[in-house]
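Here is how the chains run, residue by residue.
4 protein chains.
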Amino acid sequence: MAGNSFGEIFRITTFGESHGAAIGVIIDGCPAGLKIDTAFIQQEMQRRKPGQSKITTQRKEEDEVEILSGIFEGKTLGTPISFLIRNTDQRSKDYDEMKSVYRPSHADFTYQEKYGIRDYRGGGRSSARETAARVAAGVIAKLLLKTAGVEIKAFVSSVGNLALQKDYTQLNLNEAEKNIVRCPDKKVAQAMITMIEKARKAGDTLGGTVSCVVQHCPVGLGEPVFDKLHADLAKAMLSINATKGFEYGSGFQGVKLKGSEHNDIFEKKGNKIITKTNHSGGIQGGISNGMDIYFKVAFKPVATIMQAQASVNEAGDKAVMKGKGRHDPCVLPRAVPIVEAMAALVLADHLLRSKVSKL
Amino acid sequence: MAGNSFGEIFRITTFGESHGAAIGVIIDGCPAGLKIDTAFIQQEMQRRKPGQSKITTQRKEEDEVEILSGIFEGKTLGTPISFLIRNTDQRSKDYDEMKSVYRPSHADFTYQEKYGIRDYRGGGRSSARETAARVAAGVIAKLLLKTAGVEIKAFVSSVGNLALQKDYTQLNLNEAEKNIVRCPDKKVAQAMITMIEKARKAGDTLGGTVSCVVQHCPVGLGEPVFDKLHADLAKAMLSINATKGFEYGSGFQGVKLKGSEHNDIFEKKGNKIITKTNHSGGIQGGISNGMDIYFKVAFKPVATIMQAQASVNEAGDKAVMKGKGRHDPCVLPRAVPIVEAMAALVLADHLLRSKVSKL
Amino acid sequence: MAGNSFGEIFRITTFGESHGAAIGVIIDGCPAGLKIDTAFIQQEMQRRKPGQSKITTQRKEEDEVEILSGIFEGKTLGTPISFLIRNTDQRSKDYDEMKSVYRPSHADFTYQEKYGIRDYRGGGRSSARETAARVAAGVIAKLLLKTAGVEIKAFVSSVGNLALQKDYTQLNLNEAEKNIVRCPDKKVAQAMITMIEKARKAGDTLGGTVSCVVQHCPVGLGEPVFDKLHADLAKAMLSINATKGFEYGSGFQGVKLKGSEHNDIFEKKGNKIITKTNHSGGIQGGISNGMDIYFKVAFKPVATIMQAQASVNEAGDKAVMKGKGRHDPCVLPRAVPIVEAMAALVLADHLLRSKVSKL
Amino acid sequence: MAGNSFGEIFRITTFGESHGAAIGVIIDGCPAGLKIDTAFIQQEMQRRKPGQSKITTQRKEEDEVEILSGIFEGKTLGTPISFLIRNTDQRSKDYDEMKSVYRPSHADFTYQEKYGIRDYRGGGRSSARETAARVAAGVIAKLLLKTAGVEIKAFVSSVGNLALQKDYTQLNLNEAEKNIVRCPDKKVAQAMITMIEKARKAGDTLGGTVSCVVQHCPVGLGEPVFDKLHADLAKAMLSINATKGFEYGSGFQGVKLKGSEHNDIFEKKGNKIITKTNHSGGIQGGISNGMDIYFKVAFKPVATIMQAQASVNEAGDKAVMKGKGRHDPCVLPRAVPIVEAMAALVLADHLLRSKVSKL
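Chains as they are written, first to last, in the numbering used here: chain A, 8 to 366; chain B, 8 to 366; chain C, 8 to 366; chain D, 8 to 366.
Please keep in mind that the hints were generated in silico from the structure rather than gathered at the bench. Take the hints with a grain of salt, since some may be wrong.
Note: identical chains are not told apart, hence a pair may lie in one copy or across any two.
As the list claims (entries may be wrong) - With a straight-line cut-off of 27 Å between C-alpha atoms, the simulated DSSO-like cross-links for lysine-lysine are: (1) Lys153 / Lys61; (2) Lys61 / Lys265; (3) Lys331 / Lys153; (4) Lys173 / Lys362; (5) Lys208 / Lys153; (6) Lys194 / Lys61; (7) Lys42 / Lys194.
One chain only, chain A, in its complex shape (with noise of 0.2 Å):
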């Protein structure tokens, strides 16, 4: 109801503001007997946390998840996980003018006018901060979706203007964490870097997309009529910071295509039937045909800026604000774990839920 729980069997609950004591998340749902790989988590906390590059902010946060509940003699127990993320490297000052002036494109206005209150510091709940925790419940996800066989992978696709040219299934996609841009094509990964350097000396920032592959899905995830299976991811990636739109299979692309062109022909291959071409992103009437799953996440340039605006205070007076503090000049590379985190969490919770679907 309040918007920080996602998911309906396999469910998280997110908490805490960037400033506070802690963020964490709880895990509600995962079933019993799932074997839990500790360093994995730690593991891919290192891929979001910041200061991993010289092209992320240079905050340092060691984001290391204390497991307070859920997980005995190193297995769940089908009782609530918890995970508890200190916040650590607050610099609370630096944010001293957001007390009352409004940044701009930043939720400061919106949550002032929604609750009354804010915190302030570091954007409060609204702070991508809070992307960690979802990072962490996704281990969880990724976890039980590899008894499964499922396997998702996440990469930068373009930053401002620069965009990969080539489809997916012409490169490699694990040379994507070979960079630090985590864009799977290398020559590309390199003018995307030193288009986020520049953009970091001048004071300014810059948007990009996230592409996503899920492969061996089996067949049958998705809930008609409201949870198809790309409504939730869409949602999933939507409510991820910074976002502005999602597509999935041909996409806005797609529609220029006559149906003649664009139908996905069935045939049999092996004991499987399978689709010659995948127009449909691996999903069909909102339900997963076992084809590749993928999708797009466009990101909007980061809003905190070093240059001085134009703004105004909560009385509505003239005032000019200037970014301080330690932030990113493109948030994509980091984003790549949090867009894999939330389509596992998708994917996981239509795992348990395609369980009860037939007798």
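Once you've looked at the hints, dock chains B, C and D against the given chain A.
Same frame as chain A, now just chains B, C and D:
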């Protein structure tokens, strides 16, 4: 859980297969005391119904809505409102072929795999006929929103590769309902109609986009973290049959801008705080900021074409499928009231949710 | 949210006012492939329907259930199952007096205050007529439970101050359906019938208790912490009109025992672990342990009596109210199938929920 | 879904095993702007904590509540409020025996069967330690209710076969907190204390009842049909460990009255409509009518006794179990704040839900 409900406080549940006895909807959580204009219900049904013009399917379904409960002496009781729409013009024989052969890019295969059974007649539950129930429910949502001044206007912004070039602010959106394709630019509308007729004659189909604008939305709708207003809109839109993507505000184009170009600067206008530009699309941090909310939805070309296509049957054997029945060459004109209805359902729900945000 | 739905996975939503067009129910989340015995639906409706014997109300409502969706060729589709029951024998004139005067111990006053409007005819939504929809839905739940071997038997265990003295284990529960008061002890049944007839002649009404036994329930149903099996049963039972209390296992009497007397000792029987005694009522820690689940529900005397009573109208002015219409002198016999239906709904839901408890 | 959450708008999720790192709770949906008295939190924890008197367990747990989020400068932010309570005085060795042997009338067997794994130390998730989190959350609910004038007072109304004979209206409920058994009648309290001490010395345990009165509840709380106020109270109470029954208003005794005796006659008092008697227990048709709400909850004798008992181990082999550890001979005194907390959670939720009932 099984995906047939939508919304938290203002919550609908739809039911019915396209060739069963009836379809319908229960609307639970509508506040008591709302005046219901029953003529308006039927009026909206007209906008969605088949056979309304030469560019839609020629099926004749009157889609008369019977009110079963929840309304007394012209007002809502605070109890569930139920609408029943009988299925009338069904030619189930047209669908005999579908009994065993999977239609390409339809839900036949995935439903069969998921449930082990399906009502193959006209797609059963996966048929877009289900959206008639949403339009009926959307009327109640629209009436509730009207009490808060909110207005919603959708229109066709592209068909195939022919797109409106003007921004919505340069158009008179009321023009959209004056032509059968529902595009607010008369000339472009005419070209779209010609394109659709041509496709129909070729036994082919077209996709396109619907854009939607929400005006006079109060500040404060939308719940962080997961139920951001745009996240719920994205889910709502992608739950509509045949959709492939969603973007709001600056959308996928916005990612190419720099932060310094993209940020919306606050200023005071009268006693309100507004933004100079509106790349944010009326939503910041997931919460409405009082500016226009605008978004775009991608629809793929209709999968049922009047051409022979290769396919397989349930056993995986090769089969040829030729579209029969009466189908839309392009769903865009009829999708307009559905997009509006889903937007209204999201906003009505968030309007009620916002009532308990603060003391 | 508005209280018209029940269950998590196996979830029903009822609708309808007693004197509106119809009442009905949507059952969402029933697995696909369940065989539906439609005769059984009507048979259960007979057990609840008015006019079934001389000790119930003489209203004549056939309560014919029309299936609108979700069932195809005799099996569930996995899509929402909808049942429609038209309201037929309505004499709304009988209720004209209720338009302004509040009936004592009814919901007239509270509905009016809560909603600012009410359908005063026969209680509208607050009428026990709504339970017809629950009985219809309960049939689907019973059929699902049957696939797991679960059986549910309710019976009248007291009327007024006349209570069955024997424990359920000493009785043949199948005897209950052989008399019109639904008490499994023939002699006690006869005395109850006499009592009810006497009350009816005096224009008065009686309360009582319904007991219910669930046999062959698998181990493992019920979710800690809040959705303990008995907690959900309690809620289910107290959601039935006119109920005042719930106890399971040793109940209110059990609190008088010492721990050493009350504990149920485990032992092995065949290859099963059972308990020697069953004070636990088949539920330990909120989870079924495989023993019989048994519980008791208290029903107050019917509030509508055929005697003059003082009351007030909406303005608070004094008024005299005399019961009109055709009412039950005692709801107990007709409550039996309702108690069973609600128990079935709880158990069916928890049966499905238990499918995702462990890997 | 997995049963660890409670409430719809005002919703809590608890986590933690009794011998894990910590227990805690997230409260989501509390409106922004509520002043939080942190001393009151600790004060309520004192009422529930072990070791508070000679008639409770002698375990020493300070149950200090750390606030992790949701409160800023003394007020709620509208974001999730999180409380963390570390587990400190754990003597896990006391529980080694439980590793393989099932304690009679505990949840060991059912958890093991349901999940295939369990944290056997002190009952793990099934331990009543979890209720500490509820008491902490209940404080926030109480503070919210205070803004509407609502007051909740629970007390011990019976221990074993010794019951308060006076009606709550004849007692000064504030006396309850003045003695260690929390019974508002001094003499009866003393007798209860003597009984409990005697049971403890005998290595045995006692059950009893807690009664609760809610005063100054606004008219209109409670949602028909399934979420009747008393149905939600029943569920809340039966979700507390060791409960066996619930009754409200006239309860199980009321069923013996005739309708003409039981009906509560309306009358005007000042400008309010009240009822002369209150058999309805302040709730009519599931909705509060402004009169006192009162109900009673049955608690079984504590299952852990300091006597040897026969049992079986996981393999079903015979075993002897002798209670070790430090346990309550009677939970009633410590149950009082838990009953109040659960009542507060139900009422706070329904208070918020009532805000959207009408336009």
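For Lys153 vs Lys61, is the C-alpha pair at or below 27 Å within one copy, between two copies, both, or neither?
neither (32 Å within a copy, 51 Å between copies)
When no copy is named, should Lys61 and Lys265 be tagged within, between, both, or neither for a Cα gap of at most 27 Å?
between (45 Å within a copy, 19 Å between copies)
Within, between, both or neither, where Lys42 and Lys194 count as close if Cα-Cα is 27 Å or less:
Neither: 39 Å inside a chain and 56 Å across chains, both beyond 27 Å.
At most 27 Å between CA atoms: does that hold for Lys331 and Lys153 within a copy, between copies, both, or neither?
neither (42 Å within a copy, 42 Å between copies)
Could you figure out if Lys194 and Lys61 sit no more than 27 Å apart (CA to CA) within one copy, between two copies, both or neither?
Cα proximity of Lys194 and Lys61: one copy only (18 Å, versus 52 Å across).
As a check of your reading, is Lys173 near Lys362 (CA-CA no more than 27 Å) within one copy, between copies, both or neither?
Neither. Shortest intra-copy (37 Å) and inter-copy (43 Å) distances fail the 27 Å Cα cut-off.
Could you figure out if Lys208 and Lys153 sit no more than 27 Å apart (CA to CA) within one copy, between two copies, both or neither?
neither (41 Å within a copy, 49 Å between copies)
Checked against the numbered hints above, the structure breaks hints 1, 3, 4, 5 and 7 and satisfies the rest.
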